[in-house]
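Chains as they are written, first to last, in the numbering used here: chain A, 1 to 716; chain B, 1 to 107.
Hints in this document: simulated from the structure, not taken from any laboratory. A virtual CB, placed ideally from N, CA and C, is assigned to each residue, including glycine. There's no promise every hint is true.
Selected chain B positions facing chain A (in silico; Cβ < 10 Å) [what the hints assert, rightly or not]:
(1) ALA24
(2) SER25
(3) LYS29
(4) ASN51
(5) ALA56
(6) ALA58
(7) LEU60
(8) VAL74
(9) TYR77
(10) GLU87
(11) LEU91
(12) SER97
(13) THR99
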Amino acid sequence: MTATDPGVGRIDFYPTHQHAGYKMRAGKPFPFGATLVPNGVNFSIYSSSATACTLVIFDKGALTPRAEIPFPPEFKLGDVYSMIVFDLDPETLEYGYRMDGPWDPEAGLRFDASKILMDPYARVIGGRDVWGVVPNWDNPFQHRSRLAFDDFDWEGDVPLQIPTEDLIVYETHVRGFTKDPSSGVHFPGTFAGLREKIPYLKELGVNCIELMPIYEFDEFEHAHVDPDTGTVTHHNYWGYSTVGFFAPKAGYAATGALGMQVDELKTLVKELHLAGIEVVLDVVFNHTAEGDHRGPAISLRGLDNKTYYMLTPEGYYFNFSGTGNTLNCNHPVVRNMVLDCLRYWAAEYHIDGFRFDLASILGRASDGTPLSNPPLLEALAHDPILAKCKLIAEAWDAGGLYQVGSFPAYNRWAEWNGKFRDVTRRFLKGDEGTVPELATRLAGSPDMYSGRGPTASINFITAHDGFTLADMVSYNDKHNEANGENNGDGANDNNSWNGGVEGPTDDPEILALRGRQIRNAAVMLLTSQGVPMLMAGDELGRTQQGNNNTYCHDTPLNWIDWTLADKNADLLRFFSHLLHFRHAHPVLRNRWHHSGYDYVGSGLPDLSWHGQQAWRPDWSPSSRTLAFMLDGKHARGGSQPDQTLYVAFNTSWETRGFELPTLPDDERWHVFANTSMPSPEDICTPGEEWLLEEQAYVLLGPRSSLILVGKPPSPA
Amino acid sequence: MAFDATLETTPDAAIITLSGELDASAAPKFRTAIEQAAESSPARLVLMMQNLDYMASAGLRALVFAKQKMGSSVELYVIGAQEAVAETIELTGFQHSVTMQSEYQPV
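Given only the sequences and the hints, what does the whole structure look like? Please build it.
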């Protein structure tokens, strides 16, 4: 210790107790977890019903503990055990707890002092350091709590705070994005690999990347192992099953073997921010990897089962998540854990927002009843540290609660708009009776979000759950046989259409039709009010061969095939131009819903609906046409002048003529995109739209869409 | 291979030559060398890594420590890092904080 060490002279940095050669003193109950303090490590752990607690210390990777230190009774305050242990090496330290207490499942108590439990606040978790390396199942402590360091140099980085209405979200899986050899990156399937693809994301035009779960999970949970070969055929690939909420998945880091996943992930976030791309995490607080009563005791089950999980009066696990257990999110202690966790990710990792898997569970009381004023959702909405973070709910759960449009939002939460997905798909395949609802969805769902504005609506047509966009236009039915559940898993209401042949085909007409349908979907998504979300790979025409629930495949079925970027270069070009077109036109990105009136005196209303006749939309059940016009002078409430846009859809099997609304004298309609044209005439570079010859009328081919821009013709 | 860190001071730089494997057990030795180097208040800290075969997280932490200990005005040079070591530095983003060179050439 040098003379400048701030620890000198402070009595709280000296031991008062000893156990088996380890020096300790009473710890600080807050914060929970293991925290570096001068000369030692502060351990703090909560349990409302344990009778005794022992800290178990390991050297990194060792099968047997180095030491076990019982918490002296005087180190317990309330329901919290806390202790500073001096002279530990934080680099090699792994730790866990033994909790003593009654085994009485009917009373919700499942204490078992023979088990070593992981700290639910562990910032780093060892045990699954490299993805797919089969663990030693004889290890008595599979998921091992470790310390993290807060010394990362952010070099001035701050979260971007891009206005929500300006976002284009890109949902992706860290491993699947670059695991395929065709990705050409140095570290396939990792945070570092994703970092190498930042130029691609920038060129594509997304400004927000939503990462499927990156909290530590166990890819071997429920793994199928071939008894003859030892080969693992089914992984928990998606990762919607959390082992630890505070730790990044080590197996997603090229440096996971060194325990450096924290730094690698922070580096990814920092460089995404430098490229103007926000990072949203898909977080899973509805259940954990401990499963039902047959599952492993990893952490919460053995620490304080009845606090952390929703239990039936008989002591069984409620199952609103469809996965065995349900986190008791509105218990004050659990609520605090969720808050602590999100604050930690926002503060320590500079995360820009969170998407909550099965978020309706977060609004249920301990007995499962939906709460009218759920304290957790309210606390998150008003949290001072999360104040600028995007909060996005998957506003339903597996217990039958469906809250799209009615999620307790506190004027803060956005929602995955499942209704947008459903009606756009139905309209696309030509279903009758869809036009009125389609219009409402394209307008930002004012029926559901009138008080919240279109930014409450995360618009999407595809997501990880369900068909890819290419499969949506290539399959009538799901083909999930590879999942090993007799095709019984995955959704049946896909609203998909194969165009005449199920699956792959050489028929050029069907292929052309599918190509148009993909583009039509893209046009709907990118010209809608609200926040568009794409699934990674849709811009490349990625297929999952008709599988709409690929949660368990760590194979090319789930990995992006980057050769598609050449093979389907025309489609990638279409998407990229469309994304940049959205960024170029504020009239597409309003914070508030349109009124249908002309409140700036331009002569046109902010938003108007049209059909084959201008100003006369066809709302009838048999209608398969819809067009709308956005007046540029009304962009963002008239605050940001833009050009006027006209967008038309024809999902019938015949060519339809559309009468065009008249523009002011000096303006002419120009074509930006027309999906009935073959590439490269299907779309042009934003700003280089070509003049439409006939200004009053346009023909739109079967199952096609059109985007026009009103502007003065450029001098010849 | 056993880790070693030797310090040499010149009028304008402190040079630490590393060899062997820089893991958790070796890191304290490295930190001691950094603390000694800091006492001479050099304008640059040069880490010769040609003979460093491996660096664990503890080694990288020691680099972070060096950067913080010396202050932001002191240039930190990493010289001749072998591929695996250089990769670790790059993957964790620490290459932004240091000047990495194959041979020492003060900028």
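Let me know if the C-beta of B/ASN51 comes in closer than 10 Å to any C-beta of chain A, holds or violated.
violated, 20 Å
Grab the minimum C-beta distance from B/THR99 to chain A and call the hint holds if it beats 10 Å, violated otherwise.
Check failed: Cβ of B/THR99 comes no nearer than 15 Å to chain A, outside 10 Å.
With a cut-off of 10 Å, does the beta carbon of B/VAL74 approach a beta carbon of chain A closely enough for the hint to hold?
violated, 14 Å
Would you settle whether the hint for B/GLU87 is holds or violated, based on the nearest Cβ-Cβ distance to chain A being less than 10 Å?
Holds - the Cβ of B/GLU87 comes within 10 Å of chain A, reaching about 8 Å at its closest.
Would the hint on B/ALA24 stand, with a C-beta cut-off of 10 Å toward chain A?
holds, 4 Å
Per-residue hint verdict: B/LEU91, partner chain A, C-beta under 10 Å:
Since the shortest Cβ distance to chain A is 5 Å, the answer is holds.
Can B/LEU60 be said to touch chain A, with a Cβ gap under 10 Å?
holds, 7 Å
Closest C-beta approach of B/LYS29 to chain A relative to 10 Å, hint status:
With a minimum Cβ separation of about 13 Å from chain A (threshold 10 Å), the hint on B/LYS29 is violated.
Cut-off 10 Å, beta-carbon criterion: hint that B/ALA56 touches chain A:
This interface hint holds because 6 Å falls under the 10 Å limit.
B/SER97 as chain A interface residue, shortest Cβ-Cβ below 10 Å
holds, 5 Å
Closest C-beta approach of B/SER25 to chain A relative to 10 Å, hint status:
holds, 8 Å
Quick check on the hint: B/TYR77 CB to chain A CB, less than 10 Å?
violated, 17 Å
Checked against the numbered hints given earlier, the structure breaks hints 3, 4, 8, 9 and 13 and satisfies all the rest.
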